[in-house]
Amino acid sequence: MAEKEKMSLVIYSGNLDSALAGFMLATTGASMGMEVSMFFTFWGLNIIKKNEGGIKSKGLVRKMLNFMNRGGSKRLKMSRFNMLGMGTGMMKGLMKDINMPSVDEFITLAKSIGVKMYACTTSCGMMGLDESSFRSEVDDMVGAAFFLGEARKSKVSLFI
Amino acid sequence: MKADQRLDCIGLYCPMPIVKTAERIKQLKQGQVLEVVADDIGIKGDMPAWCEATGHEFLGLEEAAGEIRVYIKKTHD
Numbered sequence: 001m002a003e004k005e006k007m008s009l010v011i012y013s014g015n016l017d018s019a020l021a022g023f024m025l026a027t028t029g030a031s032m033g034m035e036v037s038m039f040f041t042f043w044g045l046n047i048i049k050k051n052e053g054g055i056k057s058k059g060l061v062r063k064m065l066n067f068m069n070r071g072g073s074k075r076l077k078m079s080r081f082n083m084l085g086m087g088t089g090m091m092k093g094l095m096k097d098i099n100m101p102s103v104d105e106f107i108t109l110a111k112s113i114g115v116k117m118y119a120c121t122t123s124c125g126m127m128g129l130d131e132s133s134f135r136s137e138v139d140d141m142v143g144a145a146f147f148l149g150e151a152r153k154s155k156v157s158l159f160i
Numbered sequence: 161m162k163a164d165q166r167l168d169c170i171g172l173y174c175p176m177p178i179v180k181t182a183e184r185i186k187q188l189k190q191g192q193v194l195e196v197v198a199d200d201i202g203i204k205g206d207m208p209a210w211c212e213a214t215g216h217e218f219l220g221l222e223e224a225a226g227e228i229r230v231y232i233k234k235t236h237d
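Respectively, the protein sequence lines represent chains A and B. Under this note's numbering, the residues of the first sequence are numbered 1 to 160, in order. Under this note's numbering, the residues of the second sequence are numbered 161 to 237, in order.
Rather than coming from a laboratory, the hints here were simulated on the basis of the structure. Do not take every clue at face value.
Mimicking SDA-like on lysine to any residue, the simulated pairs with C-alpha atoms at most 20 Å apart in a straight line are [to be verified]:
| id | chain 1 | residue 1 | chain 2 | residue 2 |
| --- | --- | --- | --- | --- |
| 1 | A | Lys4 | B | His236 |
| 2 | A | Lys74 | A | Met91 |
| 3 | A | Lys4 | B | Lys204 |
| 4 | A | Lys111 | B | Lys162 |
| 5 | B | Lys186 | A | Leu20 |
| 6 | A | Lys50 | A | Lys63 |
| 7 | B | Lys180 | A | Lys56 |
| 8 | A | Lys74 | A | Glu35 |
| 9 | A | Lys92 | A | Lys4 |
| 10 | A | Lys153 | B | Phe218 |
| 11 | A | Lys6 | B | Cys211 |
| 12 | B | Lys162 | B | Leu219 |
| 13 | A | Lys56 | A | Lys6 |
| 14 | B | Lys204 | B | Phe218 |
| 15 | A | Lys74 | A | Lys111 |
| 16 | B | Lys186 | A | Gly114 |
| 17 | A | Lys4 | B | Cys211 |
Okay, the calculated bits of chain A under chain B, using three or more residues with CB under 8 Å as the criterion [unchecked claim]:
| id | segment |
| --- | --- |
| 18 | 27–39 |
| 19 | 135–141 |
Glycine included, every Cβ here is placed at the ideal spot set by N, Cα and C.
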C-alpha cells in the first residue's frame with residue numbers, strides 16, 4: 001500500500017468560523033486518505049480546551065486571561081458579527097439548518113477518523129495551561145519543531 | 161446505473177458526503193459499486209477528486225430533479 005500523503009494545519013485562530021474551516025479541511029483530508037495533523041496554538045487552544053471546568057493558573061494576568069477565554073469549543077464566537085453573542089447564536093442556527101456538525105461534533109468526528117490533534121507547549125506555558133486543561137481527544141503537547149517536522153513532509157500545509 | 165450499496169447524503173453539505181463515503185466504502189467488497197445520492201452540487205467536483213486521491217474508480221454521475229447520483233467502484237481495500 002502506498003504511503004499516505006501528509007497534511008498539516010496550524011490552528012491559530014480561536015473563532016467559531018475559523019475552527020469550522022479548519023475541521024472541514026482536516027476531516028476532508030482524512031477522508032481522502034491523508035494523514036492529517038492539527039497543531040493548535042495561541043487562540044486556537046480555546047477550541048480544544050475542556051468544555052466544563054475552569055483553568056487553574058498562577059498569576060493575576062493569567063487568571064484574567066483564562067477567565068475571559070473560559071470554556072471550550074461550545075463557547076467559541078464568530079470572528080465578525082458576534083454582536084454580544086446574538087450573531088454567533090444566529091450562525092449556530094444556520095449551521096443546524098444545513099445539518100452542519102458543530103465544532104464539538106467535528107472534534108469527535110476528526111478523532112474517530114484518525115486526525116491527530118496537538119496543543120502547542122509554548123502557548124500553554126504562556127497562558128498557564130497544561131494537559132488537564134484539554135479534552136481527551138488531544139493527542140499530545142508538542143513544540144514548533146515537531147510541527148515543522150510534520151509540515152516539511154506534508155503535501156498540504158495550512159495556517160488557519 | 162446499478163449499485164451494490166446506496167448512501168443517502170441528501171441535505172448534507174461538503175465535507176459530510178465525502179466523510180460518509182470514506183466510511184461506507186469500507187463496507188463494500190472489492191469490485192462493488194457504491195451509489196451516493198446528494199443535493200449539494202459540490203459533490204460533482206468532490207467525488208472525482210476523492211476518487212483520484214483514494215484510487216477508487218469514478219464511474220459517473222446522473223442528475224435528476226435536484227438529486228445527484230454518483231457511482232464509485234471500490235478498487236482496493
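Now for the hints, and whether the structure bears them out:
1. Taking the CA atoms of Lys4 of chain A and His236 of chain B, the gap is near 15 Å; set against the 20 Å cutoff, the hint holds.
2. Taking the CA atoms of Lys74 of chain A and Met91 of chain A, the gap is near 13 Å; set against the 20 Å cutoff, the hint holds.
3. Distance restraint check for Lys4 of chain A and Lys204 of chain B: the Cα-Cα separation of roughly 24 Å exceeds the 20 Å cut-off, and the hinted pair is therefore not satisfied.
4. Restraint check for Lys111 of chain A and Lys162 of chain B: not satisfied, since their Cα atoms lie roughly 34 Å apart, outside the 20 Å limit.
5. At most 20 Å may separate the alpha-carbon atoms for a hinted pair to count; Lys186 of chain B and Leu20 of chain A exceed this at roughly 26 Å.
6. About 16 Å separates the Cα atoms of Lys50 of chain A and Lys63 of chain A, which keeps this hinted pair within 20 Å; it holds.
7. A threshold of 20 Å between alpha carbons decides the hint, and for Lys180 of chain B with Lys56 of chain A the separation of about 39 Å lies outside it, so the pair is violated.
8. Between Lys74 of chain A and Glu35 of chain A the CA atoms are separated by roughly 26 Å; this puts the pair beyond 20 Å, and the hint is violated.
9. With a C-alpha separation of about 34 Å, the suggested pair Lys92 of chain A and Lys4 of chain A falls outside the 20 Å cut-off, and the hint is violated.
10. Only pairs whose Cα atoms come within 20 Å are accepted, and Lys153 of chain A paired with Phe218 of chain B is rejected, the gap being roughly 28 Å.
11. Using a Cα cut-off of 20 Å, the hinted pair Lys6 of chain A and Cys211 of chain B holds, with the two alpha carbons roughly 17 Å apart.
12. Among the hinted pairs, Lys162 of chain B with Leu219 of chain B is consistent with the structure: their alpha-carbon atoms are about 11 Å apart, no more than 20 Å.
13. Among the hinted pairs, Lys56 of chain A with Lys6 of chain A is inconsistent with the structure: their alpha-carbon atoms are about 36 Å apart, more than 20 Å.
14. The hinted pair formed by Lys204 of chain B and Phe218 of chain B meets the criterion: a straight-line CA distance of about 11 Å does not exceed 20 Å.
15. Restraint check: the Cα-Cα separation between Lys74 of chain A and Lys111 of chain A comes to about 17 Å, which is no more than 20 Å; the hinted pair holds.
16. Only pairs whose Cα atoms come within 20 Å are accepted, and Lys186 of chain B paired with Gly114 of chain A is accepted, the gap being roughly 15 Å.
17. This hinted pair checks out: Lys4 of chain A and Cys211 of chain B have alpha carbons roughly 15 Å apart, not beyond 20 Å.
18. Counting residues of the segment 27–39 of chain A whose beta carbon lies closer than 8 Å to any beta carbon of chain B gives 7, which reaches the threshold of three, so the coverage claim holds.
19. Counting residues of the segment 135–141 of chain A whose beta-carbon sits less than 8 Å from any beta-carbon of chain B gives 0, not enough to reach three: the coverage restraint is violated.
Hints 3, 4, 5, 7, 8, 9, 10, 13, 19, counting from the list given before, are not met by this structure.
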